[in-house]
Structure formats: C-alpha cells, structure tokens
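Enquirer: Chain by chain, the residues run as shown.
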Amino acid sequence: MLSKVLSIFLSIFFYFTCIALGSDYHERLLLRPLPQSALLASFNFRSNTSATSFEQQHFRYFPRSLGQILQHAGTKELHLRFSLGRWDAENWGARPWDGAREGGTGVELWAWVEAESNEEANSRWLTLTNALSGLFCASLNFIDATKTIRPVMTFQPEGHHPNSTTDNLHLLHGTLPHEVVCTENLTPFLKLLPCKGKAGISSLLDGHKLFDASWQSMAIDVRPLCEVDGSGCILEIEQTVDMVLDIDRSKRPRDNPIPRPIKPTDLECDASKPYHAHDSCYPLDKKAEVAWNLKDVFGRPIKGSCPITADRGPDSETVCINVAPEREVQIQTSGGWTESKSEDGFVRCYRIFGDSDFDLNFPSQLVDKTVPLAQPRLYAARSINGYGQERGSVQAVITNPSPVDTIDLIYLESLPWFMKPYIHTLKAAILPSTNSTPTPPIKETYYRPSLDRHRGTHLELLLTVPPVSKVILTYDFEKAILRYTEYPPDANRGFDVAPAVIRLLSPRAPRFPHSTPEALKRGTYLRTTSLLLPLPTPDFSMPYNVIILTSTVMALGFGSIFNPLVRRFVGVEEVGAAGLAGAVRLRGFLRGRVERLRARFGGKGGKGE
Amino acid sequence: MTPLLRLWLFSLLSVFVGAQHTSNWAVLVSTSRFWFNYRHLANVLSLYRTVKRLGIPDSQIILMLPDDMACNPRNAFPGTVYNNADRALDLYGDNIEVDYRGYEVTVENFIRLLTDRVGEDMPRSKRLLTDDRSNILVYMTGHGGNEFLKFQDAEEISAFDLADAFEQMWEKKRYHELLFMIDTCQANTMYSKIYSPNIIATGSSEIDQSSYSHHADSDVGVAVIDRYTYYNLDFLETQVLSPSSKLTLGDLFDSYDEAKIHSHPGVRYDLFRGGEQEVRSRLVIDFFGNVQNVEIEEAGAINETRWREDLQQLGRMIEEARKRQNTSRITEDHPSSDAAVSSFKPAPARKFEGAARIDASNGLGKKVIGATALLGCAAAWMASSWYESRTKG
Numbered sequence: 001m002l003s004k005v006l007s008i009f010l011s012i013f014f015y016f017t018c019i020a021l022g023s024d025y026h027e028r029l030l031l032r033p034l035p036q037s038a039l040l041a042s043f044n045f046r047s048n049t050s051a052t053s054f055e056q057q058h059f060r061y062f063p064r065s066l067g068q069i070l071q072h073a074g075t076k077e078l079h080l081r082f083s084l085g086r087w088d089a090e091n092w093g094a095r096p097w098d099g100a101r102e103g104g105t106g107v108e109l110w111a112w113v114e115a116e117s118n119e120e121a122n123s124r125w126l127t128l129t130n131a132l133s134g135l136f137c138a139s140l141n142f143i144d145a146t147k148t149i150r151p152v153m154t155f156q157p158e159g160h161h162p163n164s165t166t167d168n169l170h171l172l173h174g175t176l177p178h179e180v181v182c183t184e185n186l187t188p189f190l191k192l193l194p195c196k197g198k199a200g201i202s203s204l205l206d207g208h209k210l211f212d213a214s215w216q217s218m219a220i221d222v223r224p225l226c227e228v229d230g231s232g233c234i235l236e237i238e239q240t241v242d243m244v245l246d247i248d249r250s251k252r253p254r255d256n257p258i259p260r261p262i263k264p265t266d267l268e269c270d271a272s273k274p275y276h277a278h279d280s281c282y283p284l285d286k287k288a289e290v291a292w293n294l295k296d297v298f299g300r301p302i303k304g305s306c307p308i309t310a311d312r313g314p315d316s317e318t319v320c321i322n323v324a325p326e327r328e329v330q331i332q333t334s335g336g337w338t339e340s341k342s343e344d345g346f347v348r349c350y351r352i353f354g355d356s357d358f359d360l361n362f363p364s365q366l367v368d369k370t371v372p373l374a375q376p377r378l379y380a381a382r383s384i385n386g387y388g389q390e391r392g393s394v395q396a397v398i399t400n401p402s403p404v405d406t407i408d409l410i411y412l413e414s415l416p417w418f419m420k421p422y423i424h425t426l427k428a429a430i431l432p433s434t435n436s437t438p439t440p441p442i443k444e445t446y447y448r449p450s451l452d453r454h455r456g457t458h459l460e461l462l463l464t465v466p467p468v469s470k471v472i473l474t475y476d477f478e479k480a481i482l483r484y485t486e487y488p489p490d491a492n493r494g495f496d497v498a499p500a501v502i503r504l505l506s507p508r509a510p511r512f513p514h515s516t517p518e519a520l521k522r523g524t525y526l527r528t529t530s531l532l533l534p535l536p537t538p539d540f541s542m543p544y545n546v547i548i549l550t551s552t553v554m555a556l557g558f559g560s561i562f563n564p565l566v567r568r569f570v571g572v573e574e575v576g577a578a579g580l581a582g583a584v585r586l587r588g589f590l591r592g593r594v595e596r597l598r599a600r601f602g603g604k605g606g607k608g609e
Numbered sequence: 001m002t003p004l005l006r007l008w009l010f011s012l013l014s015v016f017v018g019a020q021h022t023s024n025w026a027v028l029v030s031t032s033r034f035w036f037n038y039r040h041l042a043n044v045l046s047l048y049r050t051v052k053r054l055g056i057p058d059s060q061i062i063l064m065l066p067d068d069m070a071c072n073p074r075n076a077f078p079g080t081v082y083n084n085a086d087r088a089l090d091l092y093g094d095n096i097e098v099d100y101r102g103y104e105v106t107v108e109n110f111i112r113l114l115t116d117r118v119g120e121d122m123p124r125s126k127r128l129l130t131d132d133r134s135n136i137l138v139y140m141t142g143h144g145g146n147e148f149l150k151f152q153d154a155e156e157i158s159a160f161d162l163a164d165a166f167e168q169m170w171e172k173k174r175y176h177e178l179l180f181m182i183d184t185c186q187a188n189t190m191y192s193k194i195y196s197p198n199i200i201a202t203g204s205s206e207i208d209q210s211s212y213s214h215h216a217d218s219d220v221g222v223a224v225i226d227r228y229t230y231y232n233l234d235f236l237e238t239q240v241l242s243p244s245s246k247l248t249l250g251d252l253f254d255s256y257d258e259a260k261i262h263s264h265p266g267v268r269y270d271l272f273r274g275g276e277q278e279v280r281s282r283l284v285i286d287f288f289g290n291v292q293n294v295e296i297e298e299a300g301a302i303n304e305t306r307w308r309e310d311l312q313q314l315g316r317m318i319e320e321a322r323k324r325q326n327t328s329r330i331t332e333d334h335p336s337s338d339a340a341v342s343s344f345k346p347a348p349a350r351k352f353e354g355a356a357r358i359d360a361s362n363g364l365g366k367k368v369i370g371a372t373a374l375l376g377c378a379a380a381w382m383a384s385s386w387y388e389s390r391t392k393g
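As they're listed, the protein sequences go chains A and B.
The opening position of the first sequence corresponds to residue 1 in full-length UniProt numbering, with each subsequent residue numbered one higher.
The opening position of the second sequence corresponds to residue 1 in full-length UniProt numbering, with each subsequent residue numbered one higher.
Simulated from the structure, these hints should not be mistaken for laboratory data.
We treat Cβ as the ideally placed atom computed from N, Cα and C, and that holds for glycine.
A couple of the hints might just be wrong.
[Said to hold, decoys possible] Computed cross-link-like contacts, DSSO-like style, restricted to lysine-lysine with a CA-CA straight-line distance of at most 27 Å:
| id | chain 1 | residue 1 | chain 2 | residue 2 |
| --- | --- | --- | --- | --- |
| 1 | A | 420 | A | 147 |
| 2 | A | 198 | B | 52 |
| 3 | B | 52 | B | 246 |
| 4 | A | 295 | A | 369 |
| 5 | A | 443 | B | 366 |
| 6 | A | 420 | B | 367 |
| 7 | A | 287 | A | 263 |
| 8 | A | 303 | A | 251 |
| 9 | A | 443 | B | 367 |
| 10 | B | 52 | A | 191 |
| 11 | A | 303 | B | 366 |
| 12 | B | 366 | A | 420 |
| 13 | B | 367 | A | 427 |
| 14 | B | 126 | A | 196 |
| 15 | B | 366 | A | 147 |
| 16 | A | 341 | A | 369 |
| 17 | A | 273 | A | 263 |
| 18 | A | 427 | B | 246 |
| 19 | B | 126 | B | 172 |
| 20 | A | 191 | B | 126 |
| 21 | A | 427 | A | 470 |
| 22 | A | 443 | A | 420 |
| 23 | A | 196 | B | 52 |
| 24 | A | 286 | A | 303 |
| 25 | A | 369 | A | 420 |
| 26 | A | 303 | A | 191 |
[Unchecked claim] Derived contacts from chain A toward chain B, CB cut-off under 10 Å, selection only:
| id | residue |
| --- | --- |
| 27 | 179 |
| 28 | 180 |
| 29 | 255 |
| 30 | 258 |
| 31 | 490 |
Can you build the whole structure from these sequences, using the hints too?
Expert: Set out below in structure tokens:
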C-alpha cells in the first residue's frame, strides 16, 4: 500500500518535471487539498534560452535583469530561496519536489561561481549577493564572509557543467534566517516571468494571499542543461512557488479578515452529546469537504492562458488538480478548455484557451475516499537546550519511520560566529538502542571552525539512521559577547540561527521506480526550522547613564576647584563703608518687609479668635 | 578665459536655465522599528504612493523601511499597510520595491546614499543617481528631539550631520532644488542647521513641541498615521490630482492648519534663491511629480562641424569595440587549437578553503603521540634525578 501511495505521489511530481529541453516556456499549477482544509498550491515556471544567445545577450524568455547579473558575477548555477513558515510533515505528508525546491526560513542562496582563485570567487560572490539584493529587494548584501560557507557534500550541481570548468567552479552558500519575505520580494519575482503575473497561472499570485499562507517557499533555480551528445546547451531558469493555504482563512474577506464570534443562532451544534443544552454547544464535526473556488482562495480567478505556453502536448495543460476521482469540479469560464485525467484518476489537468477568466469551483461534497498522502521518509527537529547567558546545547532529533530501510543522510550546520560549538561534545545516540554494540551513526565529519567576526562554523556530518529509530545529535556551545556596536536594534529579541539542511542519500532507485534522472539529480532535502538564540545583551541605556553620571561628578569636582580659583576673597574690613552701606540698606529693607508681613498675619489670626 | 570669468558665466547660465529641472527623485525614509511605530511606515508608504501616482518611477524612488509591517505576524491584514481606519487604500498593494530595509536603514547608509559614497558593488537601485538638474524630495519620519532624529531606536542623526550631507550634495552637484520634509517631534530643529543653497525645508513642529498621531485603527491595534503627514496627504490627494496640477508650494504651506495639526509647522525659505516669493511660486509637482524636461540648446549655439566630429568619433569607437569583441570571440571559439598545449599545463591545485575532514582514527593517533611525548618527558626527568642522586652520592 505504502509503495503504491508513494508511486502515485511521486508520479505526480515527476510527471511534471520529466519534460526537459522541450519548449522554451512552461508553466504548471498543481492544487492538492490537504487534511484539515489546507490546500497545497504548487506553481512552476520554466524558461529556456540557448547558451549562445545568452552569451550574446539576446534574451527572449530568460529575464535580462537576472541574466546580466549572472554574466557579470561569473555565476554558472544559481539557487535562491525565500521561505516563510514551517512544513507540517505530520499532517501534510511528504514535501513537494522532495524538498529540493524549498529553503530554510528567510532567504537562502547558493551558487556555483566560476573563478580562478578563492579570492576571486569570494569577490564575485560579493558582487552577486549585492546585485541580487538590489534586484530582489532583500538584504542579500548581508551575506558576507561570516555567513558564507562552502559545503562539501550537501549540494551537487543540478546542471551540466563541462569538465574543463568544474575545477574552477566554487560552491558558495549563505543564509539569512532573519530576513522577512514580503510583497517587495514577490514583485521582482513576478517581473522575471514572461507573463509577469498578468496572464496564465501567475495571475493567481497575490501577495495578500501568499504571505497569509501557513507555509510558503519561492525558489529561483538557474542551471545550464546540455544534450547528451554535446550538440548544444541551454540555460534554464525555473521559478517555483509552493504554498499551503488554509482554505477557511483565505475565504475571509480581505477588508475584514478578523474572525468575529458567530451568532448563537448560526451555530451548528452536535446534539448527540450528553451535555448539549440550550446554553452549551459542541461544534458539529463536518464530514464533507469544504466548498471553495480559485477566486475565494487566491482572491481572483486565472486571467486566461499565458499566450506563449505550448499549443499541444502535456506542456499545454497548465492547471492540474490532485483530488479523489469522485470529487466534483465545476469549471467556470467563458472561454474554451479541455480536460485530461491520469490513469488512476487522481490527477486532472486542464488546458485553457484564450484570455477569458478561468475558475475551478469545488462544491461541498461528502467524499469517503480521500487522496492518499505520501509519508515523509524522514522527520527532523532541532532545538536549543540549556539556560543562562554563557552556554547552551543544541539537540537535533532525526527520525526514520521506515520499517525496513536504513537511511544515509548528510547533515549541514552553518552557525554564526558568536555561537561557538565544542566539537568534542558532539555526540550521536541511536534510540531505541536494540543491539549491544551499535555502529556509530556518524560516518564522516567535515568541520571548519569559526573565527571571531570573520567566519562562522561549518559542520557537515554523514549520518546513518537505522530503521524505526531516532538519531539524537547533541553538542554544546558557548555564547560570545558582542561589542556594543555589533548588537542590532532589536537585540533583545535574540539572534536567528540558520536552519540545518539535511540531504537524504539512500535508499535510491529500486524503491522509487518513478524517479527520473532529473529528480535524482535534484536530490531529496529536508530543513529544520531556524533557532532563536538569546545572547547576553547589555542594558543599552547604561552608557548614557555612565556618561551623565561621569559628567556630573566631573562638573562637581571641577567646579569646586575652579570656583575658589577664580574668586577673589575680600575681608569685611577691607571693604569701605560705602561698599557696606548698600548691604546694610538691603538688610534693613528686607527686615522691614518681614516685620510688615508678620504684623498682617498676626492681625488676621487675632480677628479669628 | 580666466576661471573667474568662467565661473561668472556659469552662474549667469544657471540663473537663466535655473527654473528647469530634468528629473525628479524621492528619498523616503522611515527611521522607526517595532510594531507600535506602524504609523511611521504608513507615513512613508503614503508618500511613496503619492509620488508614484504623480509619476516618479520606482527606479527614482529610494524607499527605506526599517521594519516589516505588512508581513508582520501581528498584522491582522497580511501584505497590507493602511493609513486610515476606513481601510479604503492598501498602501502596500501589489507592486512595491523597497530599496533599503531592516537593519540596512542606518545613519551611515542614509548619508552614504545622499552623498553617493558607496562601494563598487552597490546596485543601481540602491543609489541616488542624481545630477545638478535633479529635483529631490527628502521625506523623513520617526522619533526625534532637539536637533536629532533617532534611527531604529539605536542611533541618531543630528541636524549638523544632515546639513553637512546636503552641503556635500551641493558641492558634488547632486541636486538642483531640494525639498526637505520632516515629520517628527521638534522637527523644525532638524532643518535649522542646513546652510546649502536651493533647499526648501518644512517640518511638523517647533522646538519643544511634539508631533502627534492622527488616529488609531482598532483592528490594526495602533495609530496608523501622523497628523502633519495626514494633512499633507489630504492636500496632495484631494487637490493635486494629476501631474499637470498648477498648485504651488505656497498653497501647500497655506493649507497647514495649526488647530488641526496640533503643532506649529515651519517652513524655511532663506536658503532658496529668490527667497520666500520664489519658494511659494514653485509648483508642488516640481517635487512630488515627475517632470521630464528636455533642455534644448539655442539654434545659434549648435556647432555643425563639432557635432559631425562627435558623430564620427562615436562611429570610430563603435567600430573599435566591435573589432575587439570579434578578436576575443575568435580566441574563444577556437580553444581546440591550443588544447594540446594546455593539456601539458599542470592543473591548478584545488585549494578550496572549505571544511576539513576530521577522522576519529586521526584523533587516536594524536593521543598516542601526546602520550608518548609525556612519557618521554617523565622518563627524562626520572633519569636526570637518578643521575643527580648518583653524582651527589
């Protein structure tokens, strides 16, 4: 059963990706309802250009703005990710694209840069990150030497690079876990598309819905692809947006998204409960699938087809849904459309003609057969343990649910310099420990220690997880104390630590007959969530207090010396009678005033008595 | 021509063509982080929307947002920023380009932006590429005090820093006319130190006066706009309807009602050539809209032969560049000719500065070496003490 489910699931995604080197533009949207009224929407756009026209700066579907940056920075392959939220593997199952098209929380960038030396590679990497920061409105320029690592095993080039250049290709990787992803990142992302969000499936991409999703990931992948016979190469840009929307949440009106209390008369109560009464209500569990359509969920329907998509073949079918065969779907459009179904009936694809609006309507329906959910091959969670301002420890729990397969994986950590791990405390334990002498799960270790303010720690492990067991990886670390000016404005919030990247190595092809070479080359990935590391933060008003106090003390000390120094002391007898006369007159005047006042108040008091 | 005469001629010329500008730029800066400062970002985004509506393209707007309000988890309206409780207008919209955001909004970056002292890798979208024919609108909002404005609650820019930055811009011929607008507490002190010519400055409140927020939205949960900006926008949105509007800055300044703003807005006229009269006659569109004036030299000034010479020179340059590219392409296209030679070349050693492999066995070997060294030292010490006791004996 499991393998059947897997094969259905995998076939859906691989079906979409095995069309390579075909037409110059390809787009596809896959909609898959997930449990608890969630909806996975997976957008995929691909544009090609031949290598020669790219070199001659002749751009058609490939975006010029990005192409020129790649040429300028000598970048041969690029992967850029903007992600938000957490993929809930327990409820949603396996990740789309095997996790190969998603990034860690925030922004993640890795690229193969062509350079003769390390220094040249670093400077080109800086050029690249700066240029991309301007293009994508993100602080990618903050990926400096302290956030850059050179992974050894975790990433493999997806494209075909001629052997003569592979020696000069440098892989650099950087992450910004704190970076927010918002509409200003989506705007340039859409501008790279040939239809620019005006037509085709990209017209559904609206920042208001995308950034309201429970989980979303935008990806840009640029890679060179060559024919096997070496006849020619193309450069391919693949843009992917995956998001999990909450259907109920998305259906709320945009101007009033805050859920208000339902009127008591509108409540649907479960009357079978013993405590059901006129003043208590247990919400009725609705068995039926919720009703929704594209306009409800995305805020607008598909605005016709993008005119440059293919005319025939599977490429021309741009909208696919992955629902049970008996689920009813109504199509609302004034234009033409065709439908095709997969053999098992779980996938339906639509081709849209013309530029009239296209909407899919899913009425509320009782469906007893749901789409089988593929289970992930691995679960991973990571957390910070310990307390205090000085040190802590990190614990990563990697679970292999498979009853038969032993899984090899690569675990990559890129830690900021102010989090200093003690590698001698790195331990990996297997739970449950069945046999008395277990093989150590860590097979290989690659490590590059951090240098204060110059580079972070890079740790890469090759691990083996036996079937139905967990590997618990722990290590201790020390927190550094930053300089006053190194703290960000919101230092008390804590510092984000980049997610760990996990790449699955085995088992391979035999269990997965649908795996295309393409998908194998992409690999299977998993990312943990990012960590929030509280660092010792000073009281930032303290320097001001110190300055003010010091100034006061100095003023008092200085004043008490300066005052006698500049003053001339004069004896009473030295001052002549004329000098004193004024003082005497003043004293007499004051005394007179006081006497008069006293007389007045004394008089009043007397009256009252 | 003596330099003095040339200078005189130049100044004369600039007076004649002085009324003209050929491009419009806007620098819109919010300097406050944290959710409760929502209104400062709303202020800036309102101005962003207005100047965009009046025609300044995104490439000529530098928008600095120190925090993310639209996608903030506290925001009940994801991807949206509102400046009014009626929520009629979504300021974030579908199309926005933020040039500096988050921790990038610092005093250093702001001054570097104004003076264009940036690194070579700085992308064009983050630079103020103005010249002496550019009109610039600089709008700032945040929390300030007497002669300072706080950036992200972590650092301050002083009125003197700002004045010096503007002076440097003037020296570098980076603006033609500049409108400086600031909405913060004691805002008028921020422009009091400016000493460069052709700057019009206006602020929301006098010294020892606070600038107040206009109103709050109970669903957003915080104040959504400041009073001074609100009434500026009120004027710009209801009266300046198109880039052809003929309303002047005088009309704008006269629209300020102290009873409504709850503070005393100020205007500084003395830096501008022509003084108050000239400032008040400037069009609002000169700063808030995009004007693409083209300067045409007078017919008599065109030198026919020089023009032809220039054209020929340009043709030669193109020819040369084409030749150079052809030769380089030829060398690129035929790498096979010297492939035989290159195959004998020693391949450059791959010395990537990556992570090094650690082996457990390696660690054990080191331990053995350490233990041997320790044992050796102990043996030497024992031997020497034994030898000493013998010699003494």
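Enquirer: Are the hints correct? Go through all of them and say.
Expert: Hints versus structure:
For the hint linking residue 420 (chain A) to residue 147 (chain A), the alpha-carbon distance of about 14 Å falls within 27 Å, and the restraint holds. Distance check on the hinted pair: residue 198 (chain A) and residue 52 (chain B) sit about 20 Å apart at the alpha-carbon level, within 27 Å; holds. Our distance criterion of 27 Å between C-alpha atoms is met by residue 52 (chain B) and residue 246 (chain B), whose separation comes to about 18 Å. Note on residue 295 (chain A) and residue 369 (chain A): the hinted pairing holds, with a Cα-Cα distance of about 26 Å set against a maximum of 27 Å.
Our distance criterion of 27 Å between C-alpha atoms is met by residue 443 (chain A) and residue 366 (chain B), whose separation comes to about 19 Å. Taken as a hint, the residue 420 (chain A) and residue 367 (chain B) pair is honoured in the structure, with Cα atoms around 24 Å apart against an allowance of 27 Å. Restraint check for residue 287 (chain A) and residue 263 (chain A): the C-alpha separation of about 22 Å stays at or below 27 Å, so the hint holds. About 19 Å separates the Cα atoms of residue 303 (chain A) and residue 251 (chain A), which keeps this hinted pair within 27 Å; it holds.
Only pairs whose Cα atoms come within 27 Å are accepted, and residue 443 (chain A) paired with residue 367 (chain B) is accepted, the gap being roughly 20 Å. Restraint check for residue 52 (chain B) and residue 191 (chain A): satisfied, since their Cα atoms lie roughly 18 Å apart, inside the 27 Å limit. Proposed proximity of residue 303 (chain A) and residue 366 (chain B) is contradicted: the alpha carbons are some 68 Å apart, above 27 Å. For the hint linking residue 366 (chain B) to residue 420 (chain A), the alpha-carbon distance of about 23 Å falls within 27 Å, and the restraint holds.
A distance of roughly 19 Å separates the Cα atoms of residue 367 (chain B) and residue 427 (chain A); the hinted pair therefore holds under the 27 Å criterion. About 23 Å separates the Cα atoms of residue 126 (chain B) and residue 196 (chain A), which keeps this hinted pair within 27 Å; it holds. For the given pair, residue 366 (chain B) sits about 31 Å from residue 147 (chain A) by alpha-carbon distance, which is inconsistent with the 27 Å threshold. Taking the CA atoms of residue 341 (chain A) and residue 369 (chain A), the gap is near 17 Å; set against the 27 Å cutoff, the hint holds.
For the proposed pair residue 273 (chain A) and residue 263 (chain A), the alpha carbon gap of about 21 Å is at most 27 Å, so the pair holds. Of the pairs offered as hints, the one joining residue 427 (chain A) and residue 246 (chain B) is violated, with about 74 Å between alpha carbons and a cut-off of 27 Å exceeded. Between residue 126 (chain B) and residue 172 (chain B) the CA atoms are separated by roughly 18 Å; this keeps the pair inside 27 Å, and the hint holds. Among the hinted pairs, residue 191 (chain A) with residue 126 (chain B) is consistent with the structure: their alpha-carbon atoms are about 18 Å apart, no more than 27 Å.
Distance check on the hinted pair: residue 427 (chain A) and residue 470 (chain A) sit about 13 Å apart at the alpha-carbon level, within 27 Å; holds. A hinted pair counts as satisfied when its Cα atoms are at most 27 Å apart, and residue 443 (chain A) with residue 420 (chain A) qualifies at roughly 23 Å. Of the supplied pair hints, the one linking residue 196 (chain A) and residue 52 (chain B) holds, its CA atoms being roughly 20 Å apart against a limit of 27 Å. A hinted pair counts as satisfied when its Cα atoms are at most 27 Å apart, and residue 286 (chain A) with residue 303 (chain A) does not qualify at roughly 33 Å.
The straight-line distance between the Cα atoms of residue 369 (chain A) and residue 420 (chain A) is roughly 52 Å, outside the 27 Å bound, and the hint therefore fails. With a C-alpha separation of about 17 Å, the suggested pair residue 303 (chain A) and residue 191 (chain A) falls inside the 27 Å cut-off, and the hint holds. A distance limit of 10 Å between C-beta atoms decides the matter here; for residue 179 (chain A) the minimum to chain B is near 7 Å, and the interface restraint holds. For residue 180 (chain A), the shortest C-beta to C-beta distance to chain B is roughly 4 Å, which falls under 10 Å, so the interface hint holds.
The closest approach between the C-beta of residue 255 (chain A) and any C-beta of chain B is roughly 6 Å, which is under the 10 Å cut-off, so the hint is satisfied. For residue 258 (chain A), the interface hint holds, since its Cβ comes within 10 Å of a Cβ in chain B; the closest pair sits about 5 Å apart. Using the Cβ-Cβ criterion of 10 Å, the hint placing residue 490 (chain A) at the interface with chain B is satisfied: the shortest such distance is roughly 6 Å.
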